[in-house]
Amino acid sequence: MNCENVCLRLSAYQDKELSLLQSQDLERHLESCAACQVELKALNELLSRLGRLATPAPAPDFSSRIMAGLLTRPEKKYRLLPSLVPYSKFSTIFKKKICYLRDLYCEAMLAYTLACLMIFISGFLLEISLNVQPAIVPQPTTTFSAVLAESRDLGLLAVQDSTMELFSNLKQISLVKKQDNLLSKLLIPPLQGTSLRSRVSGDDYEK
Amino acid sequence: MDNELLSDDEVITSVLKGRTLDFEILIHRYSSKIINFITRMTDDRDEAQSIAQDVFLKIYQNLPYYKKQNNFSAFIFKIAKNMTLNWLHRQKRTVFFSRLLGQEFNQVPFRQAPTHAIDPEKSERDEIIIRNLRSLPEEQRIALILKIYLEFSYKQIREISGWSIPKIETLISRAKSRLKKNINLQDKNSGFVLKARIK
Chain A
1 MNCENVCLRL SAYQDKELSL LQSQDLERHL ESCAACQVEL KALNELLSRL
51 GRLATPAPAP DFSSRIMAGL LTRPEKKYRL LPSLVPYSKF STIFKKKICY
101 LRDLYCEAML AYTLACLMIF ISGFLLEISL NVQPAIVPQP TTTFSAVLAE
151 SRDLGLLAVQ DSTMELFSNL KQISLVKKQD NLLSKLLIPP LQGTSLRSRV
201 SGDDYEK
Chain B
1 MDNELLSDDE VITSVLKGRT LDFEILIHRY SSKIINFITR MTDDRDEAQS
51 IAQDVFLKIY QNLPYYKKQN NFSAFIFKIA KNMTLNWLHR QKRTVFFSRL
101 LGQEFNQVPF RQAPTHAIDP EKSERDEIII RNLRSLPEEQ RIALILKIYL
151 EFSYKQIREI SGWSIPKIET LISRAKSRLK KNINLQDKNS GFVLKARIK
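If you're matching them up, the sequences are chains A and B in order. Residue numbering for the first sequence follows the working numbering, beginning at 1 and increasing consecutively. Residue numbering for the second sequence follows the working numbering, beginning at 1 and increasing consecutively.
For reference, chain A alone in the conformation it holds in the complex:
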């Protein structure tokens, strides 16, 4: 045991917290080391000085004041969570949790949380009810031929836009696919680089 180790353990030695073996090792070192002896002496002196401080005593009416406080404590008359605890039946942890819940502050917090939850749920429901979309009124479908007839009167661009809106339905798209070649060749001559084929996008068209 060197001086550094001894200095680290001197305090525990002084407090009599070392094992017998450790104490014997340390004492063996102390016998041969004057510096460590001085250190121990200084620690002992410090301890005696610390112990010299006067011990504060409790006030004469200390216990009577506490007992008065205990005996006059008002009983809780109102409980959000009534006495639902046959304590002996539960494990200690569960018992502790239940007892915490019984505490008035926890009850207040619980009530507050429930109120917040209610407000949140009602707001959520209100939002859902406001966002419900009105029933979709079925619009009269325009047949492809009718569009074509109409398109001829209005011009090429108008035909393409209006048909694209109608083509959201798959059946109509497939109809366009089937007749596209014919339409583009015979009925709707391409103008300024736009064609019905170019406006119907997606892989489905390729199939």
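Among the clues, some could well be false.
Computed list of lysine-lysine pairs in BS3-like fashion (alpha-carbon distance at most 25 angstroms, straight line) [as the list claims (entries may be wrong)]: (1) B:K58 <-> B:K155; (2) A:K16 <-> B:K33; (3) A:K16 <-> B:K155; (4) B:K181 <-> B:K167; (5) A:K16 <-> B:K181; (6) B:K33 <-> B:K78; (7) A:K41 <-> B:K180; (8) A:K16 <-> B:K167; (9) B:K78 <-> A:K16; (10) B:K181 <-> A:K41.
Since the hints were derived computationally from the structure, they do not count as laboratory data. From a predicted model like this one, the values you see are computed outputs, not experimental measurements.
Given the coordinates of chain A, assemble chain B onto it according to the supplied hints.
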């Protein structure tokens, strides 16, 4: 049977059965130790009495949670330690905000001015020790006070604080070294002052 001969556990059982007056036995047994601990921690005797009262009320409230196989002393000192630390932290905040508002510039940080009269017989050396105890870091101070003034073993301190034994050993060792160094230094300084006064 004489009440003083009852063990802590027997007294607690009695209190839990509804004999509240038996709680006074526990107060008599532990009040001086608790007040000693709190006074050393806070360095304010009046506040220590007040905190100790709250501690005993808290102990009474928490008696149902006490497990009888445990050390009752550790149980109550754990409560005392927590409540004292709460008080100290509250004091820190109070001083901080009062300083922020510009009300108390001259107050010593983290400590209320003692309301009790200063004992004229208290030697200057005692004052030095108290001042140095107060300047120790919180954990070191708790460990040292529990060891020196309440004579708890390291195991009992572990039960109270929840720290490991090597940590407790280190805390106490460092606290002692620090106190030794500071007190020696201040003794020398006060010696110089005294010599100067004599001259």
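Go through the numbered hints given earlier and state which of them the structure violates, listing their numbers in rising order.
Failing hints: none at all.
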